[in-house]
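Undergrad: What follows is the residue order along each chain.
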Amino acid sequence: MSNATSAGDYRATKSYLHHEPHSIRAWLLTTDHKRIAWLFIASITFFFVIGGLAATLIRLELITPVGDLLTAEGYNRTFSLHGIVMVWFFLVPAIPATLGNFLLPIMIGARDLAFPRLNLLSWYVYILGALFTVFAVVAGGVDTGWTFYTPLSSMFANGNVVAAIIGVFVVGFSSILTGINFIATVHTMRAPGLTWFRLPLFVWAIYATALIMVLATPVLAITLLMVALERLFQIGIFNPALGGDPLLFQHLFWFYSHPAVYIMILPGMGVVSEIITCFARKRIFGYRFMAYSLLAIAFIGFLVWGHHMFVSGQTTYASLAFGLLSFLVAIPSAVKVFNWTATLYKGRIHFDGAMLYALGFVALFTIGGLTGLFLASVALDVQVHDTYFVVAHFHYIMVGGMVMAYLGGLHFWWPKISGRLFSEFWAKVSAITIFVGFNLTFFPQFIMGYLGMPRRYHTYTPEFTSYHVISSLGALLLAAGYLLPLLNLGWSMFWGKRSGSNPWHATGLEWQAHSPPPPLNFESVPEVTEPPYNYDARDPFDGSRPQ
Amino acid sequence: MNELQQAVEQSPFAASELASDVDLLFYAMLTVCGFVALGVTVAMLDFCIRYRSGKQVDRTLRLRNLRLPEYIWIGVPLLIFLGFFVWGATLFMRYQQLPPEDALRIHGVGKQWMWKFYHPGGQREINELHIPVDRPVVVVLSSEDVIHSFFVPAFRVKQDAVPGRYTRTAFTASEPGTYRLFCAEFCGLKHSKMRGQVEVMSAQHYAEWLDTREQSPTLAAAGEALFRTKGCSGCHAVDSAVHAPDLRGIYGRIVHLRDGRSLRADVAYLRDSILLPEKDVVAGYQPIMPSFADQLTEEELLKILAFLQDFDERDAP
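Those protein sequences? They're chains A and B, same order as listed.
Residue numbering for the first sequence follows the numbering used here, beginning at 53 and increasing consecutively.
Residue numbering for the second sequence follows the numbering used here, beginning at 264 and increasing consecutively.
Treat the hints with caution; some may be incorrect.
Here are the simulated DSSO-like cross-link-like pairs (lysine-lysine), alpha carbons at most 30 Å apart as the crow flies [unchecked claim]:
no., chain 1, residue 1, chain 2, residue 2
1, A, K480, A, K549
2, A, K549, A, K66
3, B, K374, A, K398
4, B, K318, B, K374
5, B, K374, B, K493
6, B, K318, A, K549
7, B, K456, A, K480
Computed footprint of chain B on chain A, listed as stretches where at least three residues anywhere in the stretch have a Cβ under 8 Å from a Cβ of chain B [as the list claims (entries may be wrong)]:
no., region
8, 124-130
9, 174-183
10, 384-391
11, 397-405
12, 506-514
13, 531-542
To be clear, the hints were calculated from the coordinates, so they are not data collected in a lab.
Every residue, glycine too, gets a C-beta built ideally from N, C-alpha and C.
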């Protein structure tokens, strides 16, 4: 893929999609970041479907208080599969490995990532590890939940726990490789004139995410390895019967897994900043505060893990310190919400499908963030810890937030990725359906959580039935909503109108490249002379909007 | 089952001294956060409508100081958050207060997949817990296998039962009734079946209920018997030929160790000394005690510990 393209025949160059060779072999051995992004888009869609099917089974089972669809073992395996697949094989790579991979080099005016072959390796590590894990989980059954708490996972659970752990361990290296690649790229490959404070916020978000990936994932790897060692060789690390400490596992696990929550949400924040500025035709309000708040979240996010352990027997003062820090990490998130809202002020707002997704993100993220304060407050967390309140809270962030942002971003950059336009009507319908279905599914879970409904319950006491029924009905609507973009975008791939290189009249270097871009992205290295989101200087695009 | 469901549904949702305070904080936060969420939504909708494209409206920004709003929406939430933090922290400290001397001390043992409770008088029950109203109760928790979590929503208490250590939760039930007891930490196959109920009864009914139970020796008395049958007294008796520490009055004392550390002999220390005797060896003694990890069940262990807590100068075995 290293064909030299001289400036002269840029227009004649075929796009990365159609460029020779395009055999399956060429796609599987490509080092083009845009084709690798496609490998990831296809893979995470596959895993999203698997995780989604598991979620459907869970919601169907919970329509009635008794176990009628799945056995207790089947249910436990299903929610473990759902968690493992959604967290590690969908959410963590979702935006960084797809939109990040595709856009990061183009947004900074580069021809590829710093280490293109490492990028391909990252996909192979990911897909092999993830397929192995799913095979292990489906074939042998893992019923520990995605959290692998010891000593349940290390000494008591049956099934292929070690195989699943090894799979997740392997996939972790994909995160680390991608993170290193992104950090190196942002540091060394920015176009002339593209200073740090001219970077689009999406690049800042991906950069902050990459830092967390590189710093936190090794801790997860070590922790999982220790669980496997304890299980295989009876080495006492976490099991008290062997002289270990089960709380040590929780400390190590959450030291990764809480920052991992920010791996999942920061890229979404970046996407939404791009979409809102474009469709409000305005600069982002408080650019520097937005950039610094991303870094602040990434940093403070490393210091709050103990809020998962308020009722674990951790000392009172540790709990209070983690509680305070958890309140503080909400400040930069609040700053972001207020700045997005302020960006709309005196804008020229267009309600395209991508924009509806972004606005939906802000609303759902706000609810998810505010309910996080209840969990940071130690006395309240005692009541809602390990109940559906927590389930609702993190789904508001990860599904309401992250998946909305991912789909919004996919719609926004779809003309760049595919060169085609999708149906705006169906994009709007899908955004609204997902928003309504999501709230119907997860809002009742806050209420039943405060009333005491514990999570990970195969059967439950009858007083919670009505909440579960509403939640399950909402989930059906949500599932239907998720199918629409798949159909709409899939259809456009073949029959959509050609989009031209900048259908939204957006700023940003990626919109200067062709749609879809040629293998090396730009004709010549672009030069940057203005701050990002310079929409005030541009014509509003009312006249020439795609229909 | 139907009777139980009815009893649960007729009992109040807030049934401990702490519950109404927790609810007050919850509703206060709900109100403030609700206003913030509403404010953001209304502002967004308002801007979206007022500044929609195609609408003729004055769009010149007149804000001179673009940093001022940033400082406001960093500062104001910070103050509110700190306020809520202090409120919640104060309340949490009340959870952690040492229970009064006359508190009813109950041992709870989690085991896949049931709760076992031991009253001080030796009465035991499974998946049911009877307690008197208006009297402080301490539940000392341990686990025989994996981590479980003792959760009574109506009391607003939850505490993990962790294998290898003792944890504690304290509450004072304020309303007679029947309340759900859940295991809140995923503990394997039948996690969702690991539930039961707490019966809060008047002091008189509680006393009557205790009498109806099968008479068995008190925990401490059972522990004293075990102390002899398991061979502890062979070495730890005053006149023993083996050089081992005298355990009379051990509970709560400061112990000096061989390696120079000193610590208080609480249940965790006593438990470790029985199961992992080489961990904290007392100064002046050789590490010759064998581990009893394979010889004592969780239940026997807590009986021996109950005995050691009462074991003072007068009643040497």
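Undergrad: Please go over all the hints and tell whether each is borne out by the structure.
TA: Okay, the hints, checked on the actual structure:
no., hint, result
1, A:K480 <-> A:K549, "18 Å, holds"
2, A:K549 <-> A:K66, "18 Å, holds"
3, B:K374 <-> A:K398, "62 Å, violated"
4, B:K318 <-> B:K374, "67 Å, violated"
5, B:K374 <-> B:K493, "23 Å, holds"
6, B:K318 <-> A:K549, "28 Å, holds"
7, B:K456 <-> A:K480, "44 Å, violated"
8, 124-130, "holds (count 3)"
9, 174-183, "violated (count 0)"
10, 384-391, "holds (count 5)"
11, 397-405, "holds (count 7)"
12, 506-514, "holds (count 9)"
13, 531-542, "violated (count 0)"
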